[in-house]
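Protein chains: 4
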Amino acid sequence: MTGSPISIDLVSQSNASASEVLEDEYAALGRKLERRGIAIDAIKDRVKDFGVAVPSWGAGRGGTRFAKFPLAGEPTNIHEKLEDCAVIHQLGKSTPGVSPHFPWDCVDDYAGLREEAAAYDLVFDAVNSNTFQDQPDQVQTYATGSLSSTVEATRQQAIEHNIDCIEIGKKIGSKRLTVWVGDGTNFPGQQDLGRSLDRYIDATSHVYDALPADWTMMLEHKMFEPAFYSSVIADWGSSLMAAQELGDQCKCLVDLGHHAPNVNIEQIVARLHRAGKLGGFHFNDSKYGDDDLDSGSINPHQLFLVFNELIEAERNPREGFDPSYMIDQSHNVTDPIESMLSSAETIAGCFARAVIVDREALSAAQNDNDVMLAFRTLRAAYDTDVGPILAKAREEQGGAIDWLGVYRASKYRERKAQERKAVGLGAGIV
Amino acid sequence: MTGSPISIDLVSQSNASASEVLEDEYAALGRKLERRGIAIDAIKDRVKDFGVAVPSWGAGRGGTRFAKFPLAGEPTNIHEKLEDCAVIHQLGKSTPGVSPHFPWDCVDDYAGLREEAAAYDLVFDAVNSNTFQDQPDQVQTYATGSLSSTVEATRQQAIEHNIDCIEIGKKIGSKRLTVWVGDGTNFPGQQDLGRSLDRYIDATSHVYDALPADWTMMLEHKMFEPAFYSSVIADWGSSLMAAQELGDQCKCLVDLGHHAPNVNIEQIVARLHRAGKLGGFHFNDSKYGDDDLDSGSINPHQLFLVFNELIEAERNPREGFDPSYMIDQSHNVTDPIESMLSSAETIAGCFARAVIVDREALSAAQNDNDVMLAFRTLRAAYDTDVGPILAKAREEQGGAIDWLGVYRASKYRERKAQERKAVGLGAGIV
Amino acid sequence: MTGSPISIDLVSQSNASASEVLEDEYAALGRKLERRGIAIDAIKDRVKDFGVAVPSWGAGRGGTRFAKFPLAGEPTNIHEKLEDCAVIHQLGKSTPGVSPHFPWDCVDDYAGLREEAAAYDLVFDAVNSNTFQDQPDQVQTYATGSLSSTVEATRQQAIEHNIDCIEIGKKIGSKRLTVWVGDGTNFPGQQDLGRSLDRYIDATSHVYDALPADWTMMLEHKMFEPAFYSSVIADWGSSLMAAQELGDQCKCLVDLGHHAPNVNIEQIVARLHRAGKLGGFHFNDSKYGDDDLDSGSINPHQLFLVFNELIEAERNPREGFDPSYMIDQSHNVTDPIESMLSSAETIAGCFARAVIVDREALSAAQNDNDVMLAFRTLRAAYDTDVGPILAKAREEQGGAIDWLGVYRASKYRERKAQERKAVGLGAGIV
Amino acid sequence: MTGSPISIDLVSQSNASASEVLEDEYAALGRKLERRGIAIDAIKDRVKDFGVAVPSWGAGRGGTRFAKFPLAGEPTNIHEKLEDCAVIHQLGKSTPGVSPHFPWDCVDDYAGLREEAAAYDLVFDAVNSNTFQDQPDQVQTYATGSLSSTVEATRQQAIEHNIDCIEIGKKIGSKRLTVWVGDGTNFPGQQDLGRSLDRYIDATSHVYDALPADWTMMLEHKMFEPAFYSSVIADWGSSLMAAQELGDQCKCLVDLGHHAPNVNIEQIVARLHRAGKLGGFHFNDSKYGDDDLDSGSINPHQLFLVFNELIEAERNPREGFDPSYMIDQSHNVTDPIESMLSSAETIAGCFARAVIVDREALSAAQNDNDVMLAFRTLRAAYDTDVGPILAKAREEQGGAIDWLGVYRASKYRERKAQERKAVGLGAGIV
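Residue numbers (UniProt numbering), protein chains in the order written: chain L, 1 to 430; chain V, 1 to 430; chain X, 1 to 430; chain U, 1 to 430.
It is worth saying that the hints were derived from the structure and are not from the lab.
For glycine and all other residues, C-beta sits at the position ideal for the given N, C-alpha and C.
Some clues are possibly wrong.
[To be verified] Below, computed lysine-lysine pairings styled on DSS-like, alpha-carbon distance capped at 27 Å: (1) V:Lys44 - V:Lys32; (2) U:Lys44 - L:Lys32; (3) X:Lys421 - X:Lys411; (4) L:Lys44 - L:Lys32; (5) X:Lys48 - X:Lys32; (6) U:Lys411 - U:Lys421; (7) V:Lys421 - V:Lys411; (8) U:Lys32 - L:Lys48; (9) V:Lys175 - V:Lys48; (10) U:Lys48 - U:Lys32; (11) X:Lys48 - V:Lys48; (12) U:Lys175 - U:Lys48; (13) V:Lys32 - V:Lys48; (14) X:Lys175 - X:Lys48; (15) X:Lys32 - X:Lys44; (16) L:Lys48 - L:Lys32; (17) U:Lys44 - U:Lys32; (18) X:Lys32 - V:Lys44; (19) L:Lys32 - U:Lys421; (20) L:Lys44 - U:Lys48; (21) L:Lys421 - L:Lys411; (22) V:Lys32 - X:Lys48; (23) X:Lys44 - V:Lys32; (24) U:Lys171 - L:Lys32; (25) L:Lys48 - L:Lys175; (26) X:Lys175 - V:Lys32.
[Stated by the list, open to error] Rough simulated footprint, nothing fancy, chain X against chain V, three-plus residues with beta-carbon under 8 Å: (27) 13 to 25; (28) 30 to 40; (29) 211 to 220; (30) 267 to 276; (31) 363 to 375.
The following block holds chain L by itself, in its conformation from the complex (with noise of 0.2 Å):
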């Protein structure tokens, strides 16, 4: 095991033959920054402070009910997960956490699997825990339910495997807590939905009190699916009642692929804000519903929108401001290292093109009821290609500025393949 799954000779030599086109395009983008009154170099370190953690299972090919198609050399388990993750980071260095899933990454020796982590120069971030899906050792089933279920030893199995998710989490580092349920309904009448929000609501009580003083909760709610008439936490209003109830360790999770059609994400994340509720985000793109594409793939200016909004937030912090930042996203045609290593640099772009904007234009703009102004100030810095930014800020952290050029030849996918057990066709579920 080694902490640069990629050779870094090959990085090293990638980078020499791309360093002389980067210093050129670094150099004009700093002329064009300048002359808006901005120091390129201050940009480029906030990039390299900038990071969103990755999934442990996002490093697996995913699939829908109809098939799953495996990809030769895909892990089977965490500690080959690490490995894909360690491979991410050495190269795009943005993604220096991992957040792992129960019981999908149980294992036995945590304190070793933590170890494991930093010879990776990784560290782990939320965990998230699993009441979605029946285990073949499970009493009782979540069929119809888990911290929401009528059947009260439901609801205490559930509460208990989310405080075992927290005892895991203190081993491992970590200081949240990630909760989404599939609970709710496919029929109309099936449950009362009153009741089922004051179960889910006491039921979760129960795992907030397991919280130490130091960690956080986080709320994940989501429009549908697997429910497709009603779902317990469907919304950032259910999300925010249910948060308010629970105490200030509980906050509010935005994934951007949980919402209705046409809705304005960007101005829920103010709103969440402005309720001292912003926890965090999983970050993933989508067309339809849930799609969980690649970052930014089908809307990269919504992405954009929403960092300006956060760093709205920073600069004006009201109750405080620190949101966990993760990628949740379904690998179902790409190599999951290459998705990942897109994405992260695609979400590391919105942000470095948040923090270019000019603010007091911005805001000088807004108070005059300029509209025209104020939508050029925003749309000036969005159409700024940061490219050479993020590649410099992986160049100089010890990255690939080429990563994808780098991870072809480094043919790490490949020796997995011979390496790794093969995973079983995913017959699908229809």
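With chain L held as given, fit chains V, X and U onto it using these hints.
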């Protein structure tokens, strides 16, 4: 002026000829309900007690930004509108309240207006303020906002107008103020999304302070239109946040057409009730956006599901349950009197269907997670043709069994087309 | 093996005890319809002639990418599925056809399978091919497409599979092939959108060429899932283009859950009929995406409006009208037998309501632009509780008036849970 | 009257002061593109040849059914509108065509109007008919339909108006007629959905017959508004059906805001091109419905993807490719001149980005099913800041590098506010 714009003899004759059939249908339905343990007369009595207000502006033809096609004989002032509302209530007997809009319905003598309504057996329901249009004599423009405007004088003007509405409301016997603003933006960056809500809440708190102790202020959210990128009070979450900050007398109003596509509105009803903030409803229907179509014309089942939640709320009032109901539709291609009679009947029908749900059986099936039985228990009520109950309730109160036949036979609209001044073409705004 | 999996005595006893009430309700409804000039027995006869197929795969529990929760006693092969379909038809008497899916339902002896179905009083309806999953022994993968794949060998494999389905269909007495592919992309740029359709049409033309002269090929469009950025046959326009190119025996199939939000599906039905390309339906309901919920459970009025178009099409057949009807739902939280009985009843009910529309009055009101009268003429039919007609039709054909009561009393599922092998947990794909 | 409403000196001075920076940025971008094998000057030349028409009515303030807020100095007749369009083209140099709307733009002397435009260096693009509003002197009302009306005289009137538009078009040098109707319904049952299309096609065929041999008729579909339940030409499928029946000179026009939520518009473009029916575009953007927001203001990436299809179509013209481009926006909160300059720049920018896509690399990656490489090849072009190319193209043609600065410095609007008559308040229609 008379309380009965339609000939009482005409109503009586029509009812006499329809009575025998109604008796047969009412008796058959009575036997059916009795087999389910329900006394039909008790349901009929609940229907008699049920009322939904009509909006004064709903008495005129509506339109779109493309055009308005006037109706010969449509009303052009509050006096004529009241007369039309009197027709609706005389024939349908379920719309005793009229909700006025200011400055559209401004008069010199509000005590007189109240008496005028009383002579028609009508009362005034919630008053509505208007800060989404500029009036000819207005000092500040609402072009870029009203209660959330960046311009202090504009906010002040909007506050004063709302307080004026309260003052008028006191004179005409209202106890509620509905506040809907079109404030929002058409461009990303046009306004700061967080500070816009700050200003809105601050300004609205001054209106709140002017509320009499027995009044309720209702905030109406709307996803979009007239603002097309962001709206300050766009969703129930924002509405809830604002109502929580403003105080106990402030509640949220749900308009059925003001939501994102696919949203589960009945669950929003349940959520707001649980938060103690369910203030009232604007009934209409829609297929695409805020289409303001006739209530229940597109999705009558959804309307039933909303009433199902309202009956649940009534049985489980938590912190109190006293919502205000109003029809709010745009009658672009029908006679508004016919549309509101039809809609009031549809709304009362959904209420009646929700009342006859076997709640013990439903609750038992929910607790047992017997999904099919729970669904079918609810569906059995929806599938019941409650028309005879509604007709009987009308007949016993002096309304018309066959309201459409009587209205058309009365030639009311034709007479008004002779008496009233013509409305100009609505040339459209595009 | 027997044609009546449920005890005939049980059915008879239940019907006997329900008969008196049914007579009263049927008579009352008969009087009501007679007053509208409709003979109830004629409607009942039309309902008896109405049939909708059930899909073999619908007899098992469905699920989502997150999980599948198995049902004790669910079928695991086509023989058990046929038995369950026999229960549905025995009790409901409106589902004489079973639609098989290959390779899921492959057997060695198709003539025997046909006899097996016949012994249950069942026939085989449209055969369905499957090129959206990889099978263990498959040479080419469908991971990046099937009939539209860039890989010629993959297209050829998909063509051959479809031709195999036709060959099987001939043996089991089918006359229709339904082609649905999951082909599409998850990223902008992944494929050339125009050339993908070129390849699809070219490959499908080879399947078309293998159609017997009395067969119909039905193309099923789907907006999204499993592809999340673009689907080759995403909408009715693409389906129409392909069907026009392929030939007269190729028609379009409408699945109620495969459309964009808010789309007017009943108008699509009218459009495809006008183009002579309306081939068939997959019935289900949805609130968010392709939720595959029980037919009419979310929006029963929409289902009625679809049948309203079908009755119009029947009366005005233009270039012919012979659509194929099938239930296509995912039964994730109910017993599939109960859901399909409930759905078949709902579908037949919408058919019956559409049949009793006063078409002369409707047409006259449309020609007069009497909008309210046209609307209310349609609504009068929808509001009619046709339950007694459906029950009478079942009773007269030997089905169960109270199918749910009989089914549960029969303990069929409990017996199968003893007899059949257990299904493993669906661990989810995510 | 002059061809240059803005002082040429002002433009020159501004360009002179901006020139040095532009040279640096243009050179840096040139080096970057050269490394990809692209000659920047060739791209610049393509941008110079690119044009998009502006609509005459777009020069005035738009509004919603709730209100219109006039702008001091907005134009009130076609002469003033032409003058404003001249400003747009003088500064931006990419909008040589003006698309007029009748009867809004009717004058006595069309030869004179054509000369007036020519003096501004403008030509007339597609003529637009208006059968969605009633005019004061009109005999038949369009309240319940125009080309699809059940009333023969109404259809005839609509036919004649469209033929009048063709006659005017001949005089002003147009070669295209755009037909958009608001025909549709607000209630289920209001009209027969199939026969409405029959009537529409029959009536439109009479317009088609009046087309000169070198003209194109473009049918514009729109999902909803002003009709809110069904629209006769609601989607591209209906548009295609109608265009196929009408003949070779009839094509389909795509307005970016007229689709169902989530629809993949770029694929519709590819489909219509494949069918030989892609006639033209109306550019705008939207977040909720047909918001008519500024092009690319909400989802610039989607606009790029549309142009990506257009460039593909140009390279693979199949049965010909000669689309007509127009901006069609509602400028409710900005100066229309500024919005159209900004939009024209955005549109030209998306065109330029689509032109620089490495099509050989893209095609190779698609054929190899190298999903990530295909995606990133497209994205590399989108991420390129093509601003310097657009500015250089403007400068070389005599337009303004900094068009916003020059326009504001010119005080054009302030002068017009003095000269032009005021527009009344748009009181709203609701």
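Hinted pair X:Lys175 and V:Lys32, Cα distance within 27 Å:
violated (44 Å)
For the pair supplied as a hint, X:Lys48 and X:Lys32, confirm whether the alpha-carbon distance does not exceed 27 Å.
Measuring from Cα to Cα gives roughly 21 Å; hence the hint holds.
Are the Cα positions of U:Lys44 and L:Lys32 separated by 27 Å at most?
Cα-Cα ~20 Å, so holds.
Does U:Lys421 lie within 27 Å of U:Lys411 when you go C-alpha to C-alpha?
The hint holds at about 17 Å.
Go check the region 211 to 220 of chain V versus chain X for me, would you? Three or more residues, Cβ under 8 Å, otherwise it fails.
violated (count 0)
Can you confirm whether the C-alpha distance between V:Lys32 and V:Lys48 stays at or below 27 Å?
holds (21 Å)
Coverage assertion for the region 13 to 25 of chain V with respect to chain X, Cβ distance below 8 Å, three residues required:
holds (count 3)
Taken at face value, is the distance from the CA of U:Lys48 to the CA of L:Lys44 at most 27 Å?
violated (36 Å)
Holds or violated: L:Lys44 with L:Lys32, Cα cutoff 27 Å?
holds (15 Å)
Do at least three Cβ atoms from the region 30 to 40 of chain V come closer than 8 Å to Cβ atoms of chain X?
Result for this restraint: holds, n = 3.
For a C-alpha distance cap of 27 Å, please report whether V:Lys44 and V:Lys32 respect it.
holds (15 Å)
Does the alpha-carbon distance linking L:Lys32 and U:Lys421 stay inside the 27 Å limit?
Since the Cα atoms of L:Lys32 and U:Lys421 sit roughly 44 Å apart, the hinted pair is violated (cutoff 27 Å).
Violated hints, listed in ascending order, are 11, 19, 20, 24, 26, 29 and 30; each of the other numbered hints is respected by the structure.
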